[in-house]
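Fit chain B to the supplied structure of chain Y, relying on the hints for placement.
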Amino acid sequence: MLSVNNLDAGYGRARVLFGVSLEVEPAQLVCVMGRNGVGKTTLLNTVMGVLPATAGSVTFEGRDVTRLPPHERVRLGMAYVPQGHESFPQLSVLGNLQVTLEASGGPQEALEEALETFPRLKPLLKRRAGFLSGGQQQQLAIARALVTRPKLLILDEPTEGIQPSIIIEIEEAIERLHASGLSLLLVEQYLDLALRLADRFLILDAGHVVHSGAAEELRGEEIHRLLAV
Amino acid sequence: MEAFLNQLPIGLSIGAVLLLIALGLTFTFGQMGVINMAHGEFIMAGAYTAYLLQDLTGRMAVIVALPVAFLVAGLMGLILERTAIRHFYGRPLDTLLLTWGVSLVLQQLARDLFGAPNVQVQAPTWLQGGIGPLPYNRLFIFALALATVVGIWAYMNRTGQGRRMQAVMQNRQLAAVSGINTGQVDQRTFFIGSGLAGVAGVALTLIGPVGPALGTYYIVDAFLVVVAGGLGQLRGAVIAAAGLGLLNSYAEFWSDASLAKVIVFAAIVAFLQFRPQGLFVLRSRALT
Chain Y
1 MLSVNNLDAG YGRARVLFGV SLEVEPAQLV CVMGRNGVGK TTLLNTVMGV LPATAGSVTF
61 EGRDVTRLPP HERVRLGMAY VPQGHESFPQ LSVLGNLQVT LEASGGPQEA LEEALETFPR
121 LKPLLKRRAG FLSGGQQQQL AIARALVTRP KLLILDEPTE GIQPSIIIEI EEAIERLHAS
181 GLSLLLVEQY LDLALRLADR FLILDAGHVV HSGAAEELRG EEIHRLLAV
Chain B
1 MEAFLNQLPI GLSIGAVLLL IALGLTFTFG QMGVINMAHG EFIMAGAYTA YLLQDLTGRM
61 AVIVALPVAF LVAGLMGLIL ERTAIRHFYG RPLDTLLLTW GVSLVLQQLA RDLFGAPNVQ
121 VQAPTWLQGG IGPLPYNRLF IFALALATVV GIWAYMNRTG QGRRMQAVMQ NRQLAAVSGI
181 NTGQVDQRTF FIGSGLAGVA GVALTLIGPV GPALGTYYIV DAFLVVVAGG LGQLRGAVIA
241 AAGLGLLNSY AEFWSDASLA KVIVFAAIVA FLQFRPQGLF VLRSRALT
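Those sequence lines, one after another, are chains Y and B. Heads up: the first sequence at position 208 corresponds to 208 in full-length UniProt numbering, and the numbers run straight through without jumps. Heads up: the second sequence at position 259 corresponds to 259 in full-length UniProt numbering, and the numbers run straight through without jumps.
One or more hints might be untrue.
Said to hold, decoys possible - Label-pair ranges, simulated between beta-carbon atoms:
| hint | chain 1 | residue 1 | chain 2 | residue 2 | range |
| --- | --- | --- | --- | --- | --- |
| 1 | B | VAL150 | Y | ASP192 | 51 to 59 Å |
| 2 | Y | ARG63 | B | GLY33 | 27 to 35 Å |
| 3 | B | ALA143 | Y | GLN108 | 35 to 43 Å |
| 4 | B | TYR89 | Y | ASP64 | 42 to 50 Å |
| 5 | B | LEU5 | Y | GLN108 | 24 to 32 Å |
| 6 | Y | GLU112 | B | LEU109 | 52 to 60 Å |
| 7 | Y | ARG13 | B | TYR89 | 17 to 25 Å |
In short, the hints are calculated from the structure, not lab data. Note that CB positions come from ideal geometry on N, CA and C, so glycine has one too.
The following block holds chain Y by itself, in its conformation from the complex (with noise of 0.2 Å):
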């Protein structure tokens, strides 16, 4: 579904990225790991076509997007939330939702779907987006992903920052929406969400892949060595 071949990225001089490579097959969920400033941004920022990929392709479903702009991107069917739960912040909650809709060009039900995903969402959708709280804008943030029906869903440390009571109804909805047969490409911090939630895991270390398996091997010694700060 989406492949990396040999990614090398980087802002300005300061290469980010040294020849990453990965594959998420249709519904599967892969794991990026690492410790802070490794480049899993980097990783997902180049997938999406944000930043430009210096070496390397970026193939989904076939295609090569390693050229295409992001809002090209989206309508093949990748969708993005990005790190720090962002929203449009003097749109409503619906107005975020529309506008992605609309820009994405699917039917009005997209968004009743996304909505069903977050019915915390629907009491608040009159309310200006920049109000909410972070948790309530996290998942804003993904629903406003959904609207686009994706096939490959991007998540940058989605429960970064928030409340305990809305990570475990965000980690259940990665958990049903990875059910439903989507695929999904996540960066976390939390080993042990990692080990609930992926099919298959790979851990960045200064650019490089260091690691890369089944989640079953997650579990070893060698992998606390590396994820430790």
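For chain B alone, kept in the frame of chain Y given last:
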């Protein structure tokens, strides 16, 4: 007291023109970070459009000139964005120099086409006269600005295009990864913003002569409106434009033109000490 009342429509109509000019600037500045010094020349282009149309269309000249000037100035803006400005996004100082250069070229072009002396556009007969101290031409300008603000507000809040424009203004990167074609939205914003400058140019022909340097008289004041009102803020622009128009005309009335400028600048500097971000700011929990 009567002198005070006489000055009111003058101040408000200048404020209305400033608002039309500032709307375009505040959107291009707020959305794309572009300081467009050539914006003043779109005003001039709108004014000359009205000048060229006045012989053709007779009594309805102003009404015909408004949409035509909108298109002419809008297309000029679009061409400028496509050919030059888009290569300089994220580099405000370079765009400033670039558009200033374009502004000088356009002024010279106007001198070559229409001559250096000012020309006059005859106000239609139905705009001559007035009710008491309120001249029709200034009332017309005021109504025009009011209609424009209502139109822009409806466009931004009631249409899909306007929602996308707001989304790009509030979070460009998120808009892109949400499937919004940000380049297309930028072009549209540039077109509309420049078009409004053309409309302002037509309005100016009702209250004064038209010359190649017309834009330079208003561009600085329009930037003051943008800064005082807050970037990309419709409400802020309306209040700041009205305030600045009134302050300008009353300061001029009680002193003289040059001292009035000093008073206005001093007032703006003092205001920015208290509210460096302008009247209204994009505020949210996510951004703090």
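Cross-check of the supplied hints:
| no. | hint | verdict |
| --- | --- | --- |
| 1 | VAL150/B <-> ASP192/Y: 51 to 59 Å | holds (55 Å) |
| 2 | ARG63/Y <-> GLY33/B: 27 to 35 Å | holds (33 Å) |
| 3 | ALA143/B <-> GLN108/Y: 35 to 43 Å | holds (38 Å) |
| 4 | TYR89/B <-> ASP64/Y: 42 to 50 Å | violated (26 Å) |
| 5 | LEU5/B <-> GLN108/Y: 24 to 32 Å | violated (54 Å) |
| 6 | GLU112/Y <-> LEU109/B: 52 to 60 Å | holds (55 Å) |
| 7 | ARG13/Y <-> TYR89/B: 17 to 25 Å | holds (21 Å) |
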